[in-house]
Amino acid sequence: GAVVSQHPSWVICKSGTSVKIECRSLDFQATTMFWYRQFPKQSLMLMATSNEGSKATYEQGVEKDKFLINHASLTLSTLTVTSAHPEDSSFYICSARRPRSSYEQYFGPGTRLTVT
Amino acid sequence: AQSVTQLDSQVPVFEEAPVELRCNYSSSVSVYLFWYVQYPNQGLQLLLKYLSGSTLVKGINGFEAEFNKSQTSFHLRKPSVHISDTAEYFCAVSAGGADGLTFGKGTHLIIQP
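Protein chains in written order, with the numbering used here: chain A, 4 to 119; chain B, 11 to 123.
Hints were generated in silico from the structure; no laboratory data involved.
Mixed in with the good hints there might be a few duds.
Unchecked claim - Straight-line Cα separation of at most 25 Å, DSS-like style, residue types lysine-lysine; simulated pairs: (1) A/58 x A/69; (2) A/44 x B/59; (3) B/115 x A/44.
Claimed, not checked - Covered stretches of chain B, as calculated for chain A (at least 3 residues, CB under 8 Å): (4) 53-67; (5) 109-115.
Note that the structure is a prediction, hence the values are computed from the model and not measured.
Note that beta-carbon positions come from the ideal geometry of N, C-alpha and C, so glycine has one too.
Produce the entire structure from the sequences given, and follow the hints as far as they go.
Written out as structure tokens, the structure reads:
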């Protein structure tokens, strides 16, 4: 199988601080990783596409200076929420795509962020 | 841009009964279609996908879906559900393999004994 992990699974931070979320592909190399955000009772919204060794591509309306994405290796992408505010509280989910795969994305279990 | 509509936020079904979860999409280009399932406290798992070819797609756990281009639909069906099928089901589309997914709001399938 293809396993994707996220760390931490749950984090609480104070308003104004930054928090980093890690996404790792455990048993395959992922040239492309995606970050999604899910609000309660709503669908997942694509935030950005991250390709190894290059800058992330952000969806319209997503602040790239606030949500910093780094894809430094083929198995790790990080999302840093800078100067977090209560409205950033959400469920953040990453996915990873294998090279030359049949368009399938493998999802991590998600990270619950609560900003107080 | 694409969009996905899952009309039913919640579907209660008795165990061993058939179920259909509806999904409609809109897109100005050809799309690839997916159904994902999310069990409590777990990541999304791919049930099935339509890329091209036969419009009837079979997936894991006895699920199948039919792509209907004229009705822009990709409804998910299972002839007989089990308690273990209780989960959130998401329909998603993608315009290309390198693109992210556009998801519907999800349908909570509730299996009643």
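Tested hints:
1. A/58 x A/69: holds (15 Å)
2. A/44 x B/59: Roughly 24 Å separates the two Cα atoms, so the pair holds.
3. B/115 x A/44: holds (7 Å)
4. 53-67: holds (count 6)
5. 109-115: holds (count 7)
Of the numbered hints stated above, none is contradicted by the structure.
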